[in-house]
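Participant: If you want the building blocks of each chain, they are given just below.
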Amino acid sequence: MLAQRKVGFLNRFYLIEVIRGLWITIKNFLFHEKVTLQFPEQRRDYSFRYRGQHYIKAVNGVENCTACMLCPTVCPAECIHIVAGERPDKEKYPIKFEIDSLRCCFCGMCEEACPKDAIKLSNIYEMSQENRTVWEKEFLLEQRGNK
Amino acid sequence: MNPIEIGIMLGKIVLVLAGLLTTVPIMLFMERRGSALMQNRLGPNRIGPFGFFQAICDAIKFIFKEDLPPAHVNKFYFSLAPWVAVIPAFMTFAAIPFAGPVTLNGTQISFQIANLDVGVLYCFAIGSLGVYGIIMAGWSSNNKYSLLGALRSSAQMISYELTLGLSVIGLMMVFQSVKLGDMVVSQGEALVSIAGVTIPKWGIFIQPVGFIVFLISIFAETNRLPFDLPEGEPELIAGYHLEYGSMRFALFMMAEFVNLAVASGLIVTLFFGGWQLLPGFGFLAHLLTGAGVIQNGNLVVVLFQFLSFLIKVVFFLWFFVWVRWTVPRFRFDQLMALGWKVLFPIALANVFVTGLLIYKGVF
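Protein chains in written order, with the working numbering: chain A, 1 to 147; chain B, 1 to 363.
A hint or two may mislead.
Here are the computed distance ranges between Cβ atoms for each label pair [as the list claims (entries may be wrong)]: (1) B/I26 with A/W23: 22 to 32 Å; (2) B/L357 with A/L37: 52 to 62 Å; (3) B/F76 with A/T133: 43 to 53 Å; (4) A/S128 with B/R41: 17 to 27 Å.
Hints in this document: simulated from the structure, not taken from any laboratory. Note that the coordinates shown come from a computational prediction; the quantities given were computed from them, not determined experimentally. No residue lacks a Cβ here, since even glycine has one placed at the ideal position from N, Cα and C.
Here chain A stands alone, though its shape is the one from the complex (with noise of 0.2 Å):
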């Protein structure tokens, strides 16, 4: 139902209400504070729990990851692709470890999953690419946060 709202006598001219509304966009005008963020100076800060761009976490230059597999079960967008293997200093590790960063949700599933602590998502929030890219192995263990 329409509302009927009551107008008051001075608000039938109309003119009056303008010049009041007119006063009003001047005071934004030159007092109000401006929101903005200048951008590539400014940065807005997220909050510690913000899931942002992929890490995997590495000790010693030693990725945490065992190729459990956990990862790729629990994702529901089905972008994290492993391939276990062996290595004499440590029984399994993933000689490939995609994660393909157009599927990707950004659900953080893989983060909470994950037994050994190692894949993490970071604050990185700028992630424009020109190409179709998966993140490979390489890319995911440079340390961008300290989850």
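Using the hints provided, position chain B relative to the given structure of chain A.
Facilitator: Same frame as chain A, now just chain B:
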């Protein structure tokens, strides 16, 4: 006409054309930054000082964009329409004086391209020609939204042309002329003097009601918000220029901005004393002449007159932007009701009352 006069005339035409073309980037700047600041944003501020050269980038983008007419349009009228919109916009300024006459070496120069006998009427006649471009664009686009925009525009123009014309009749009666040059000269006379402060005979002081009606009508004439129904984005996408891209669209935008400049020029000329000096400028000119900076006193005065005119016009250009981001768009029936049921009777009553006052000898 001797060669000197022809040269002066050509100089004036070039000056006016260049001035009007310069209004376009200035308006773009004012509109984009002004609207941004009013909405508590910053707006484009990266290119040049305060983002002033953003307009140049826009122009370059428009020029290098592919000009692709859609397959279903009438090619001839489609490409003709932007020019039909933009040329009358420039032509209207011919009758508007932008500085007082000056005598140099025995040659009188009047800073007005043509002091036509029909003056204001010429401005209104040519100004209303601009709607043909819009109708042409709407019709040839072969698109229902464009056509609706064009239809609205024509209905709006016809309704508001009437009030626009009626609102200045009072002024014509008081000044007993339709020549814009004469009207500006008579606006320099004093209306009343109270305790040393002289209130000039500016149009706004003798015709306040006429001014308000004129202002509202000119907003409708230039298709600006709150009356920009021909291109109402929520319901018509972009209205008459929906199918246009690249430089053709830029021409429509140019026409809109030049129309704004002409409208501001008309408001200033009719109601704010045209090139009559702003308060304080007379003193400044006197000071400059006294100090001997420039020998020819008349030239200094003309310079200040031109500056006064410019400042007034720029204020009204700003006012158009200011109102745009304050008042929301009218519904079409509200627009028509305002035009025919409110402004038209007020304008008629204004003419009647002015006649009565002139008969009683007030003016």
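Participant: Each hint needs a verdict: does it hold in this structure or not?
Facilitator: Against the structure, the hints come out as follows:
1. B/I26 with A/W23: 22 to 32 Å: holds (25 Å)
2. B/L357 with A/L37: 52 to 62 Å: Given range 52 to 62 Å: holds, Cβ gap about 58 Å.
3. B/F76 with A/T133: 43 to 53 Å: Distance hint for B/F76, A/T133 holds at roughly 49 Å.
4. A/S128 with B/R41: 17 to 27 Å: holds (22 Å)
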